[in-house]
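Spelled out, the chains give:
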Amino acid sequence: QSALTQPRSVSGSPGQSVTISCTGTSSDVGDYNYVSWYQQYPGKAPKLIIYDVTERPSGVPDRFSGSKSGNTASLTISGLQAEDEADYYCCSYAGTYTSVFGTGTKVTVL
Amino acid sequence: QVQLVQSGAEVKPPGASVKVSCKASGYIFTDYYMHWVRQAPGQGLEWMGWINPNSDATNYAQKFQGRVTLARDTSISTVYMEVSRLRSDDTAVYYCARGSLIGDSGWSIDIWGQGTMVTVSS
Numbered sequence: 001q002s003a004l005t006q007p008r009s010v011s012g013s014p015g016q017s018v019t020i021s022c023t024g025t026s027s028d029v030g031d032y033n034y035v036s037w038y039q040q041y042p043g044k045a046p047k048l049i050i051y052d053v054t055e056r057p058s059g060v061p062d063r064f065s066g067s068k069s070g071n072t073a074s075l076t077i078s079g080l081q082a083e084d085e086a087d088y089y090c091c092s093y094a095g096t097y098t099s100v101f102g103t104g105t106k107v108t109v110l
Numbered sequence: 001q002v003q004l005v006q007s008g009a010e011v012k013p014p015g016a017s018v019k020v021s022c023k024a025s026g027y028i029f030t031d032y033y034m035h036w037v038r039q040a041p042g043q044g045l046e047w048m049g050w051i052n053p054n055s056d057a058t059n060y061a062q063k064f065q066g067r068v069t070l071a072r073d074t075s076i077s078t079v080y081m082e083v084s085r086l087r088s089d090d091t092a093v094y095y096c097a098r099g100s101l102i103g104d105s106g107w108s109i110d111i112w113g114q115g116t117m118v119t120v121s122s
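One line per chain: the protein sequences are A and B, in this order.
As numbered in the working numbering, residues 1 to 110 make up the first sequence, in order.
As numbered in the working numbering, residues 1 to 122 make up the second sequence, in order.
Calculated from the structure, these hints are not laboratory results.
In this text, all values refer to a predicted model and were calculated from it rather than measured experimentally.
All C-beta atoms, glycine included, are put in the ideal place defined by N, C-alpha and C.
The reader is advised that the hints may include incorrect statements.
[To be verified] Computed Cβ-Cβ distance ranges for the label pairs, DEER-style:
| hint | chain 1 | residue 1 | chain 2 | residue 2 | range |
| --- | --- | --- | --- | --- | --- |
| 1 | B | Leu101 | A | Pro42 | 27 to 33 Å |
| 2 | B | Lys19 | A | Thr96 | 25 to 31 Å |
| 3 | A | Ser69 | B | Ala57 | 33 to 39 Å |
Required output: the full structure, derived from the provided sequences and hints.
Right, dumping it as structure tokens:
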């Protein structure tokens with residue numbers, strides 16, 4: 001199972017929007033609506049910010065949103081804030097009760 | 001509150017085995033899958049497998065089949081992950097993480113343990 005493909009880095013100024021893509025195949029992202037996104041600060045455990053493609057757990061700001069088209073899922077951060085500077089990972093169900101993570105994206109707030 | 005607390009850091013020589021524990025609290029242990037994910041230094045997250053604490057069923061990523069064993073002790077709400085025949089590229093932080101409600105149609109990981117650093121070095 002190959003890792004899902006994410007851009008290595010994205011950046012934006014405070015208040016701007018950034019979008020992170022997560023490209024898989026018709027056997028994972030394209031076939032299931034079970035894509036989740038995680039935020040990770042250096043030295044810390046990941047935190048769930050989006051599940052089931054578009055759903056936000058309670059407590060996650062609504063500036064985080066998810067979507068999917070075909071084999072590519074996306075995470076958009078609107079109104080970028082300094083605290084959003086972190087690594088972000090997507091994860092998809094990949095059939096036969098397995099999961100696969102993305103390669104990870106570093107978000108830099110300029 | 002829901003919490004996963006893992007055992008402490010380990011240093012092992014190549015070829016040895018390591019066993020990491022993960023104690024759950026704040027929810028019904030047997031109601032949720034438990035996944036294991038690892039992260040090598042400076043690298044991304046890698047899914048390893050899960051255990052169903054209710055049935056003891058397991059499922060592993062193909063890469064780890066035969067070398068990773070997941071087990072549970074329901075009496076103390078604890079899951080164990082053992083990696084055998086350690087190699088230098090097994091050096092990583094290992095996380096346990098709560099999965100979906102068993103029997104539910106969803107599939108995600110919500111709560112994570114604090115991570116356990118395993119260093120493989122002679």
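If I claimed the Cβ atoms of Lys19(B) and Thr96(A) lie 25 to 31 Å apart, would that claim hold in this structure? holds (26 Å)
Cβ separation of Ser69(A) and Ala57(B), checked against the hinted range 33 to 39 Å: At 34 Å between Cβs, range holds.
Note whether the CB distance of Leu101(B) and Pro42(A) lies within 27 to 33 Å or breaks it. holds (31 Å)
Of the numbered hints listed earlier, not one is contradicted by the structure.
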